[in-house]
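Participant: Protein sequence lines, in the order shown, are assigned to chains A and B.
Using the numbering used here, you'd call the opening residue of the first sequence number 1 and step up by one each time.
Using the numbering used here, you'd call the opening residue of the second sequence number 203 and step up by one each time.
Quick caveat, the hints were computed from the structure, so don't treat them as lab data.
Hints are not guaranteed to be accurate.
[To be verified] Computed cross-link-like contacts, DMTMM-like style, restricted to lysine to aspartate or glutamate with a CA-CA straight-line distance of at most 25 Å:
| # | chain 1 | residue 1 | chain 2 | residue 2 |
| --- | --- | --- | --- | --- |
| 1 | A | K153 | B | D489 |
| 2 | B | K366 | B | D489 |
| 3 | A | K59 | A | E29 |
| 4 | A | K20 | A | E57 |
| 5 | A | K9 | B | D460 |
| 6 | A | K23 | A | D5 |
| 7 | A | K153 | B | E226 |
| 8 | A | K20 | B | E463 |
| 9 | A | K158 | B | E224 |
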Amino acid sequence: MKTIDVKGKQCPMPLIETKKALKESGENENFKILIDNPTSAKNVSHFLNDNQISFSETKNGDIIEIIVNNEGKNLDEVDETAYCAVEIPSSENYVVLMAKDRLGQGSDELGEALAGAMINTLKAIEPLPTKIIFMNSGINLVVKGSLVLDNLKYLQDKGVEIIVCGTCLDYFGKMDELVVGRVSNMLDIVQSMKDAQKVLSF
Amino acid sequence: MKFDLLKLVDQGGCSAKLPAAELEKALSGLPKISHPNLLVDIETHDDGGVYKINDDYALIQTTDFFPPVCSDPYDFGQVAAANALSDIYAMGGQALTAMNLVLFPENESLDILKEILLGGQNKVSEAGAVMMGGHTITDDIPKYGLAVTGWVHPERIITNNAAKPGDVLILTKKIGTGIIISAWKNGLIDEVLYRQAVDSMKLLNMHGATLMQKYGVRCATDVTGFGLAGHAAKMAKGSKVSLHFDTAKIPVFDQVIDLIEMGVIPGASFRNKEFAGPDCNFDESLDYNHKIMLFDAQTSGGLLICVEQSKANNALAELIENGYPNSAIIGEVSELGEKYVYVR
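Please put together the full structure from these sequences, using the hints given.
Facilitator: What follows is the structure in structure tokens.
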């Protein structure tokens, strides 16, 4: 396998070398990039992700090794919207249920902060949940004024389905204030929870 | 060029700004500040804070500093000062006073520091403001900037959250400085292009502010670290509208697309794309390189101005005549759609 050694090279040289190698290597030809700068490694993996180029990354001491499987994709013809959805292995299919707008009991203020932190943290969990379900006061997290709308939109863009209990929106008079997610019913919600291999219930 | 300031920047230093998402997390725990005289606070992520003194006078305060973005110390001083002053102009104000913020290595020649400070001082004088002093501490990587105080009439404050459907969007400088500086650092471009970028970064947005007031502009921002798309998304969110851009009309430095194609993509572009990308809708015809270009972090970038449609052509003509020859109408504002920013 061809090895591209960009150790000691400053940003953005590692990415430049990677792009060069992508163009030069043949279809399905793998090559290896050795990087010793975490920022550059992040940029390279970001670029590969953006362009749907499959790769694996391992860390060996200070050296980050990225193995690229170049499938001969035309870099100019990548449709960004097409890879928003995340392929989720069925073995790790789980849904998150938010039946409250805060986590735990005790301090409401703390509970609200924790709920925000939980949604924010979800972004970093691999794989992402297939669905997040919002019920009862949980719907406050998906309507106007919620502090986690951006994070939820991000998750939605990554392919996570946001399901919101319509009866609950009605009850709180917030149907018109829904910002993110799809309004749904109890049948859909129960079915989603039954089909999931795991339900994280908060 | 005798001495290259960029050599003092650490090796992996792709960008100095804390990612917006991280910053938001850190700020989220802080108690909210409210005061009857506080007219613009940090809530809307605006360019500076505004404090009302009386019915005719409000202070604008802002600060910005960063590691070298160019090779020559005198240039760097000017760029850093123009960049710090820019927040005052983005809010429609004029600068009154400035203080130096300096971090400088213990063992580096003081002549370099002197050049940086001279550049800053000259820029502050050009802005018609007064340099009052400053503060210096030692640090391995030099950093320079200003804390600036300016003023604006309380009823003529320009914010980043007052865009109205029907407004036309004008950008007053070319984009792509982040990519050009990165390419220059690695010897990938000639000095002509580099100088163009440095000259653009040195250019004060001062006359832009005056013209915005002349044309009754109420919404603008300066394009800096979050890139054009990032700042546009902030403006759209704050104003509850959607912004639409025509990529072909966006002024951009020569070679920028070729450099991106080569792989010259600073880390900040990826971070900006991650942060603001979900708020943007890109037309299918747009390739990856053009999308990335819109997220390029700018230093001392131009003003992104929302102006009433009937005044747009006159405002543009005056901007072009008064020191911003690359100004262009790059899009328009609509009612809020599904996304905050639409790019075609």
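Participant: Can you give the numbers of the hints that this structure goes against, from lowest to highest?
Facilitator: Violated hint: only 2; rest satisfied.
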